[in-house]
Every structure is written in C-alpha cells, then in structure tokens.
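Novice: If you want the building blocks of each chain, they are given just below.
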Amino acid sequence: MSKLLEVKDLRVSFHTYNGEVQAVRGVNFHVNKGETLAIVGESGSGKSVTTSAIMGLLPKPQAEIKSGQILFEGEDLVKKSNKEMQKIRGADISMVFQDPMTSLNPTMKVGNQIMEGLIKHQGMSRTEARKKAVELLDQVGIPHPEVRINQYPHQFSGGMRQRVVIAIALACNPKLLIADEPTTALDVTIQAQILELMKDIQKQTESAIIFITHDLGVVANVADRVAVMYAGKIVEMGTVDDIFYDPRHPYTWGLLGSMPTLDSEEEELYAIPGSPPDMLNPPKGDAFAPRNKFALEIDLVKEPPMFQISDTHYAATWLLHEHAPKIEPPASVKKRMEGFAKTGGKA
Amino acid sequence: MEREKILEVKNLKKYFPAGRKKIIKAVDDVSFDIYRGETFGLVGESGSGKSTTGRTIIRLYEATGGQVLFNNEDVHGKKSKEELLKFNRKMQMIFQDPSSSLNPRMNVMDIIAEGLDVHGLVKNEQERRERVEELLEVVGLNREHATRFPHEFSGGQRQRIGIARALAVEPEFIIADEPISALDVSIQAQVVNLLKKLQKERGLTYLFIAHDLSMVKYISDRIGVMYLGNLVELADSDELYNNPVHPYTKSLLSAIPLPDPEYERNRKRIVYDPSIHDMSEEPEFREIRPNHWVRCTRKEFEQYKKELEERE
Amino acid sequence: MEGTTADMEKMKHSSTESAPKELFVLAQQKEDTSEKISGPSRTFFQDARRTFFKNKFAVLSVILLIIIIIMSFVGPTMNDHGIDDQDLARAKMPARVPVLENLPIPGFEGVLRDEFKGSNVEEATNNAYSRYDNQKDFIDIEVLSEGDGSKNSAEVRATYRVYEAKGMEDEYFWLGTDSLGRDQWTRLWEGTKVSLLIAFIAALISLVIGVAYGGIAGYYGGKVDDVLMRILEVLVGIPSLVVILLMMLVLDPGITSIVIALTITGWTGMARIVRGEVMKLKNQEFVLAARTLGQSNKRIIIKHLLPNISGIIIINTMFTIPDAIFFEAFLSFIGLGITPPQASLGTLINTGFDNIMLYPYMLWFPAIMISVIMIAFNLIGDGLRDAFDPKMHK
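Here the protein sequences come in this chain order: U, B and R.
Quick note, the first sequence lines up with residues 1 to 347 if you use the working numbering.
Quick note, the second sequence lines up with residues 1 to 312 if you use the working numbering.
Quick note, the third sequence lines up with residues 1 to 394 if you use the working numbering.
No lab work stands behind these hints: they were computed from the structure.
A couple of the hints might just be wrong.
Take a look, some chain B residues computed to stay more than 10 Å from chain R by CB distance [what the hints assert, rightly or not]:
1. Lys10
2. Lys123
3. Arg289
Incomplete in silico selection of chain U near chain B, CB under 7 Å [as the list claims (entries may be wrong)]:
4. His214
5. Val218
6. Asp241
7. Leu255
8. Ser258
9. Met279
10. Leu280
Think about it this way: if two alpha-carbon atoms lie no more than 16 Å apart in a straight line, the pair counts; the simulated EDC-like pairs of lysine to aspartate or glutamate are [to be verified]:
11. U:Lys326 with R:Glu22
12. U:Lys302 with R:Glu22
13. U:Lys8 with U:Glu73
Idealized CB from N, CA, C, for every residue including glycine.
Could you build the full structure based on these sequences and the hints that come with them?
Specialist: Okay, here's the thing in structure tokens:
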C-alpha cells in the first residue's frame with residue numbers, strides 16, 4: 001500500500017481579536033491509495049481545519065499554517081502557491097461538503113456545474129464534457145440523467161443534491177476525496193444510500209477517501225482506518241477494528257460509551273462531563289485531562305506522546321506508559337467490546 | 001392498572017396551503033395517547049410530520065382538524081387569555097437549534113426568567129434572580145452564567161439554557177422537538193442524562209421527537225413511527241425494535257449504522273417501496289398484538305400477523 | 001507505517017525521559033472548571049462598536065459630521081454679518097480669508113480672476129476692463145499670448161482686486177457674498193443647519209412610521225399584511241413629486257411642509273425592510289419559545305423582534321438621511337422648497353447656479369458641503385452595516 005497523502009506535524013492557528021486560537025496542534029497521519037480514513041471528532045477538534053489546510057482553503061490572513069508538511073504524492077502542498085493549488089483542487093483532490101443546499105450554485109444548471117471542472121482541468125470540449133456529465137449523473141444514481149442535467153439545484157431533493165455534489169467531486173477522477181460530514185444533514189435512509197454509493201464508487205475508481213464525521217455508526221460502516229481527534233490533536237489512531245474493539249484512549253471510551261446500543265438496558269449513558277476546551281488558552285498538559293476521570297497527575301503537567309500498541313494502533317495517553325496503573329475501561333464500554341467481539345454481529 | 005392519560009391526540013390533522021390549489025397534508029389523521037410520567041418517542045424522517053405534530057399539540061399551529069386533549073381539556077378552539085396561559089404553564093417545549101432558540105440580544109437571566117415574568121411567579125427582583133440561579137444549577141451550569149449572552153456558550157450549554165427556560169414555569173409535560181440533533185455526540189449524552197434525571201425528580205412526561213433512532217429507543221418507553229403525515233406503527237420500545245411489522249419501520253431500522261464494524265460489514269439494508277402496499281382499501285390503525293399497532297388494510301393485517309407468528 | 005513509527009518512537013522517548021514515576025497516579029478530581037467561561041462578557045453592541053471603530057473611513061466621516069453639525073450652529077455667529085443683511089454695494093464679492101489670502105491658494109485671495117481673449121492684447125484688456133467695472137487701477141493684467149491680429153488669438157489674465165476697488169480693504173467675507181450682498185459664510189452654515197434639520201426630522205418620523213407599519217404587517221401576516229401592503233403599494237405608485245406639489249399647494253411653504261412632504265413618501269422603504277426582517281424572525285425558535293411561554297404579541301414585538309432588527313433600522317436610516325438632504329436640495333433648487341430669504345443648501349445651490357459663469361465660488365461652497373455630508377453618511381452607513389454583521393466581528 002503506497003502512501004498517497006502524508007501529514008506531518010501540522011500546526012494551524014487562527015489570529016482573532018482575543019488572541020491566537022490553536023486549532024491544530026501537531027497532527028500526524030497518512031492515507032493510503034484506495035483506502036478510507038475516517039477522522040472522528042467533535043466541534044473544536046480541528047478536523048475541518050485540517051482538511052481545509054490540505055485543500056489550501058484556509059481563510060487568510062486569519063489562519064496561519066505555523067509549521068508542518070502536507071505531502072501529496074511526495075510534494076509539499078503547504079509550499080504551493082494558490083495557482084498551483086487550483087490545478088490540484090477538483091482534479092487530484094476534491095471535496096464534498098456537508099450542506100447540499102449551499103454547496104451548489106442555485107443559479108447555475110446542474111450540468112454546467114459538473115462540466116466546469118471537466119473543461120478546466122481536463123481540457124474537454126463542451127460536447128465531451130456534457131457526455132461525461134450525463135455518465136456521472138447516471139453513476140451516482142440519478143434517474144433520467146439526460147433530462148435532469150438541465151435542471152437547477154432547487155429541483156432536486158436533499159439526497160439528490162448530495163449525489164450531484166459527489167458527481168462534481170468525482171468528475172476529474174480525483175485520487176483523494178475529502179468528504180466533510182457529507183451525510184450529517186440527511187435522513188437516515190438517504191444517508192444509507194449515499195454511503196453505499198460512495199463505497200461503490202471507491203471500488204470502481206480506487207480513490208482514497210478522508211471521511212470526517214462525528215457519527216461512530218457511520219465510521220463503522222465506511223472506514224478502513226480511524227483517527228480520533230480532540231482539541232487539535234489526534235488522540236488515537238488505528239484500524240476500524242482496533243478503535244471499536246480495543247479502544248485505549250479515555251476519550252474514545254467516552255465517545256463509544258455515550259452512544260446507546262440498541263439493546264442497552266436502563267442505565268445512565270456514560271457522558272463525558274464538561275465541554276471541549278477553549279483553544280485560545282489550551283490547558284497545560286493533556287487537553288482532555290479536565291474532563292477525564294481516568295486522568296493521572298502527569299496529565300496535568302505534560303502532554304502524552306503517541307504510544308504504539310500494534311503496527312496499526314497508536315494512542316496518546318499516559319495510561320499506556322509502563323509506570324501507569326492498569327485501568328479498565330468503564331463497564332458499559334467493556335460490555336460493548338466483549339459483546340461484539342463474541343458474537344461478531346448484532347448482539 | 002389504569003394509567004392516567006395526560007395527553008390524547010385524536011385524528012389530528014394539519015394542512016398547509018401551498019400555492020394556488022395545492023395543499024400539503026403535513027399531519028393527516030394521527031391519533032395516539034401519552035400516559036403521565038412516560039416518555040413517548042415520535043420518530044420519522046424529514047417530511048414525516050413529526051415536528052408539525054408537536055407544534056400543533058402545543059398550539060403553535062392551529063389544528064386543521066381533530067382534537068388534542070390535555071388533562072381532558074381541549075387545547076384548541078376558542079379560549080380566553082387565562083385559559084391559554086394555563087396551558088402555557090403546564091405544557092412546555094424544548095427546541096432543536098441551539099443557535100436560534102435563544103434571543104441573541106437577551107442575557108441568560110432574562111431568557112430563563114421570561115416565563116416567570118409572564119405568569120407572575122416571582123414577587124421581586126431578588127426572588128427572580130434566585131430562581132434563575134437555582135435553575136442554572138439544576139441544568140448543570142454555573143450561577144455566574146446568568147449575566148452572559150447566548151453567543152458566549154457552546155451548543156450543549158445553550159440547549160441546557162433552553163431546558164432551564166422551559167422548567168421555570170414548572171410544567172407537567174414537555175415536548176422535546178429534536179433537542180439533541182444539532183449537538184456533538186458526547187454532549188448529546190449529557191443532555192439526555194439530564195432530561196432523564198429531571199423526569200425522575202419532577203415527574204415529568206415527555207414527547208420526544210427525533211430522527212436518531214438509537215437515542216429515541218434509549219430514552220422512550222413507547223415509540224410511534226411517522227411517515228408522510230401518518231403514524232404507521234406504535235409499540236413499546238423493545239417490541240418495536242425486536243418485532244417491527246410495518247415495512248417502513250423495517251427499512252428505517254435496517255438503515256441505522258451501528259458503531260460496530262463487524263455488524264456493519266454484514267448489515268443488509270431493506271429498501272422501503274410504498275407501492276408494495278395493498279391498495280384495496282384505506283388503511284387503518286389496528287392492534288396486532290397487545291399495545292402494538294400498525295397502519296394497514298385488513299389483508300395486510302392478516303399477512304403481518306402470520307409473519308409475526310412465523311418469527312416466534 | 002514505517003516512517004511514522006520511527007517518528008513516534010522518537011517523540012515518545014524524548015518526552016518520557018522527563019516523566020517522573022511518582023506522577024503516574026490517578027489525579028485528584030479537582031473542582032470542575034470545565035463549564036467556566038473565561039473572558040469578560042461582551043454584548044453584541046460592544047463587538048459591533050469595536051468593529052466600527054476599526055473602519056477608518058467611517059470614523060473619519062463621523063468626526064467630519066460632528067464638526068459640520070457644530071459649525072452649523074456656531075458658524076453664523078463667528079462674524080458680524082447677519083444672515084439676511086443685504087447690501088447691493090457688496091454684491092458678488094469673492095471669498096477672502098485673512099491669512100489664506102497671502103498664500104498662493106486659489107479661491108480665498110479676495111480677487112476675481114479670469115482669462116479674456118481678443119484679436120490683440122489691447123482688445124483683450126478692454127474686454128477685461130469692461131467686465132470688471134472699468135476699475136483700471138485695480139486690475140492687474142498678465143499677458144498670456146500676444147496674438148497675431150486674428151480673432152481671439154490674444155489672451156490676457158486679469159486679476160481684479162475688488163475689495164480695494166470698493167474701498168473695503170479691511171473687510172473680509174470668508175466665503176464671499178451673493179448677488180444681494182449677503183455673507184456666504186453665514187448663509188452656508190445656516191443653510192446646512194436647515195438642511196440637516198429637515199433631513200433628521202424627516203428620517204426620524206419615517207423611521208417611526210415605517211417600523212410600526214412594517215412590524216405590524218410582518219408580524220401578523222395574513223389578511224392584515226395583505227391590506228397594509230396593498231395600501232403601501234398604492235402610495236409607492238404615486239410619484240412623490242406629485243404628492244409634494246399637492247402638499248405645497250395646501251400648506252404654506254417652509255420647513256414644516258417640506259418635512260411633511262418628505263415623510264409622507266419616505267417611510268415606505270423602511271416599512272418594506274422591517275416587514276421582511278420581521279417575517280424572517282418570527283419563525284425563529286426563540287420567538288416560538290416566547291409564544292409557548294405565553295408571552296403577549298406586543299411584548300414579543302418589543303422584546304424579541306425590535307432589538308434584533310435594530311441594526312437594520314439604524315443602517316437604513318443612515319442611508320435615508322442623505323436621500324432627504326438631496327431631495328430637499330432638489331426641491332429648493334427647482335423653487336418648490338425653502339423660499340428665500342431663508343437659506344438651505346438647495347437655495348444656495350440655486351443662486352450659485354445662476355451665477356456659475358462669472359462667480360463660480362457661489363456654487364462651489366454649497367456643492368462641496370452637500371457632497372461631503374452625503375458621502376459621510378454613506379460611509380457611516382457602510383461602516384455600520386459591517387459592524388452589525390456578526391460575521392465581520394473579528
């Protein structure tokens with residue numbers, strides 16, 4: 001498996017009236033060709049800022065990439081000019097956003113929006129582009145594509161619009177697709193359709209996908225590997241089985257514990273108390289410590305480094321240090337882990 | 001045991017005019033009861049009419065037809081100001097969007113105290129302040145937050161302010177209209193735990209409207225499933241999940257992704273096709289098992305009954 | 001994963017070096033500070049004010065306007081000339097300012113200057129003399145081109161020291177006088193005061209009527225909205241000039257009638273905007289929440305709706321004031337507004353226009369004043385619009 005994208009020690013800050021907000025504080029990960037990496041995190045975790053940085057879409061001058069590299073096929077995107085990034089965006093890397101209502105231009109026919117990229121990046125003529133656009137609409141499952149290509153976004157339902165957005169993103173056969181909460185605004189059944197669509201298309205085109213979401217169910221459905229982000233850093237990273245069946249970071253436990261299972265009994269949900277920290281003044285030591293009932297004294301003093309658990313599995317928690325006391329994950333999380341591992345399916 | 005009914009919804013209809021000749025039947029003949037002290041979950045996707053149902057019950061919308069009885073009194077119809085105020089005290093609502101459910105120009109003190117002011121529940125400024133600070137602590141916030149403004153809070157905190165606002169008038173019944181959909185996962189758990197705690201402490205009854213089925217199942221005693229303005233199935237939570245009967249319910253359940261990769265690898269989604277229904281007559285709400293109701297024709301009723309027996 | 005493994009190992013080793021063993025115990029649960037909000041409480045208006053003050057043009061405009069408003073009261077008292085002291089002997093005197101007259105800045109030297117042509121220098125010079133009261137002793141001639149006898153080939157520049165000619169070496173008219181000998185400085189500031197007064201009053205009344213009208217139509221909707229909007233559309237359909245003419249026939253001309261005339265048609269823009277905003281707001285969840293709490297309609301409008309549209313109202317007013325100023329000037333210019341001897345920017349421009357060929361300074365000063373005022377209000381309006389947009393609060 002070759003590395004398509006490698007992010008090394010990325011640090012991004014925003015300069016606001018109140019001071020510097022450290023949105024991303026040293027993020028390391030990579031994406032291999034053809035695989036899906038899910039980035040899980042809540043508001044303020046820095047997940048969207050990270051992908052904006054990859055696309056070169058950070059708002060300047062408020063946002064600043066303070067250090068780090070973003071290597072796409074070996075070339076550092078941080079060093080590229082806006083013009084160079086324009087060639088990459090839409091062609092090698094494309095993006096699908098959350099809100100299908102606002103990602104499409106309401107005054108432009110859907111066909112033209114797809115054809116735009118084809119004409120610019122692939123130098124197609126209008127006729128060729130039109131033909132390809134109809135093919136794409138068909139590929140994403142829009143019925144009667146020859147007719148609908150001439151319609152406007154408001155004539156499509158939410159789920160259909162998101163399919164159009166995916167068609168636009170795929171038009172130039174990107175090597176990497178970044179999907180930022182693409183199904184969060186959609187109904188459950190529509191979400192299921194879109195996820196199936198994305199997986200089918202990935203099989204056909206072998207593009208890699210970075211999938212941002214806060215819904216762990218969706219992660220379990222689409223991801224090969226998972227990175228869990230909190231307060232601007234990756235706190236745990238591994239394969240999807242690693243993360244769900246052998247989570248090691250208390251924040252991951254918290255996330256898994258706060259979701260009720262379909263057969264959980266009448267107990268209280270394990271809720272992480274408090275709110276994510278203010279990134280204007282990140283706390284000293286581990287940013288999660290104030291909300292972490294398994295915090296050690298050292299968490300208040302020093303930030304934990306990434307500890308390796310296996311070839312694929314890493315977590316940044318002092319609990320993995322040799323001197324740390326042996327802590328068991330909370331009962332509800334353990335039950336879930338054991339139950340699933342045992343039955344290998346719906347308990 | 002005869003449980004006391006706090007709310008009875010009978011053949012409720014709410015239609016909206018859309019353009020010259022068209023009508024949108026957002027809620028089209030919906031009937032169900034809610035018992036005192038329980039949590040009734042109402043689920044459905046966009047266009048199902050679940051939010052409209054909630055808002056019509058609390059009379060934010062005037063019903064086009066049917067009846068809503070709260071403690072045996074009709075909520076709609078011609079009412080004096082005092083009678084309406086009485087309903088406002090007993091029935092309250094929590095809203096979905098934390099960024100628009102609080103007036104950005106009012107501070108938290110005034111937002112929470114608005115109910116107290118309208119109903120004259122406090123005698124002076126000091127009492128008002130104490131009540132508000134008490135409520136802030138009940139929902140897990142700090143007393144000092146009272147002087148701040150909504151934009152200074154996170155989504156979860158704002159939602160709690162909304163809950164405090166609803167609690168201020170000491171209601172019996174709270175309609176929660178998608179209260180957690182816009183929140184982060186870990187914050188959802190906080191809010192749900194809070195709601196459960198308040199229910200136990202204050203004997204509240206909830207109508208919990210949502211589209212996140214796992215959360216609805218966790219918090220609700222009974223669940224109604226809505227589709228395009230109709231209630232298609234109604235049962236106790238466990239019964240609904242273990243023995244779904246209506247094809248739409250089945251497709252909805254099969255579409256939920258669970259945080260379990262092994263399960264997800266094997267999950268097969270059932271697609272709902274409305275055209276498979278028997279068109280011979282107008283479907284009605286029929287009890288297929290004790291306390292388990294399905295919307296179906298007589299033919300379908302027999303069919304579903306057979307399926308259930310085969311599953312045993 | 002090879003590269004990252006090595007990096008991570010390096011990171012781990014460097015930081016675990018100084019990880020003392022005794023710290024690896026469960027931390028005592030300290031007071032839960034996680035719900036604390038750091039930083040002082042800031043209302044929306046404080047953020048808005050800060051954003052506004054960052055806009056240098058807007059701030060400059062505010063300062064300028066304040067100066068102008070102060071001057072409009074103080075200016076006329078600064079010299080001894082009255083607003084209506086007519087003296088034909090002093091008619092059409094150019095501007096003369098004590099210190100500036102000695103500096104090479106054109107316009108304030110207290111002289112009349114122009115170029116004159118003729119077929120030869122003598123003819124050109126005679127043309128100059130005949131224009132300038134034949135006061136040869138007080139006319140300086142500067143030959144610009146000798147000419148060759150053909151028509152208009154010679155050109156001279158004549159400078160007429162008119163103050164000396166009329167024996168007024170010790171008198172100063174800072175902005176000159178008009179055709180009736182009235183001091184322009186005094187009249188300019190009086191006129192500015194009158195124009196601003198009319199504009200402010202008209203804008204204020206339009207605001208009150210417009211907000212009430214639009215607020216009621218937007219909030220109640222349905223039939224109320226239909227009826228109110230149809231009335232509004234009829235009013236808008238009638239050209240405002242026609243309405244004003246009718247007003248002028250019925251009422252005595254003067255400040256009151258202009259204010260009434262401007263107000264009758266000026267509130268419609270505000271009403272439409274307020275109606276639109278109220279319709280948007282009334283479906284917001286915080287308004288629904290107020291309804292479920294049992295709040296009365298009146299208090300919902302006052303407590304919930306108005307504060308949230310105050311920004312739009314203020315901005316809209318900032319743009320209607322220059323409209324009112326311009327309209328008044330236009331009316332006075334065509335003779336329908338303020339009548340002489342009362343001064344307003346419009347009447348000043350009117351008289352200035354009559355003399356534009358020979359005494360252009362009579363037009364310059366009121367024209368510059370009205371332009372500055374209008375530009376200032378527009379810049380302030382832009383600044384306020386940015387200030388009230390929460391997305392622009394950096």
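Novice: Would the hint on Met279 (chain U) stand, with a C-beta cut-off of 7 Å toward chain B?
Specialist: At 12 Å from the nearest chain B Cβ, Met279 (chain U) fails the 7 Å test, so the hint is violated.
Novice: Hint check: is the beta carbon of Leu255 (chain U) less than 7 Å from a beta carbon of chain B?
Specialist: Since the shortest Cβ distance to chain B is 6 Å, the answer is holds.
Novice: Should the label of Arg289 (chain B) as a non-interface residue stand, given a Cβ cut-off of 10 Å to chain R?
Specialist: Correct as stated: the minimum Cβ-Cβ distance to chain R is 36 Å, above 10 Å.
Novice: For the hint on Asp241 (chain U), just tell me whether its beta-carbon gets within less than 7 Å of chain B.
Specialist: holds (6 Å)
Novice: Is Lys8 (chain U) close enough to Glu73 (chain U), meaning Cα to Cα at most 16 Å?
Specialist: Given pair Lys8 (chain U), Glu73 (chain U) holds - Cα atoms ~14 Å apart, limit 16 Å.
Novice: When you look at the beta carbon of Lys10 (chain B), is every beta carbon of chain R farther off than 10 Å?
Specialist: holds (22 Å)
Novice: How about Ser258 (chain U): closest beta carbon in chain B under 7 Å, or not?
Specialist: holds (3 Å)
Novice: Classify the hint on Val218 (chain U) as holds or violated, based on whether any CB of chain B lies nearer than 7 Å to its CB.
Specialist: holds (5 Å)
Novice: Regarding the hint that Leu280 (chain U) lies at the interface with chain B, is the smallest CB-CB distance below 7 Å?
Specialist: violated (13 Å)
Novice: Quick one, are Lys326 (chain U) and Glu22 (chain R) close enough, alpha carbons at most 16 Å?
Specialist: Holds - the C-alpha atoms of Glu22 (chain R) and Lys326 (chain U) are around 15 Å apart, at most 16 Å.
Novice: Do the alpha carbons of Lys302 (chain U) and Glu22 (chain R) lie within 16 Å of each other, as the hint requires?
Specialist: Holds. Lys302 (chain U) to Glu22 (chain R) sits at ~13 Å (cutoff 16 Å).
Novice: Closer than 7 Å between Cβ atoms is the bar; does His214 (chain U) clear it against chain B? Give me holds or violated.
Specialist: Result: holds, 5 Å to nearest chain B Cβ.
The structure fails to meet hints 9 and 10 from the earlier list, while all remaining hints are met.
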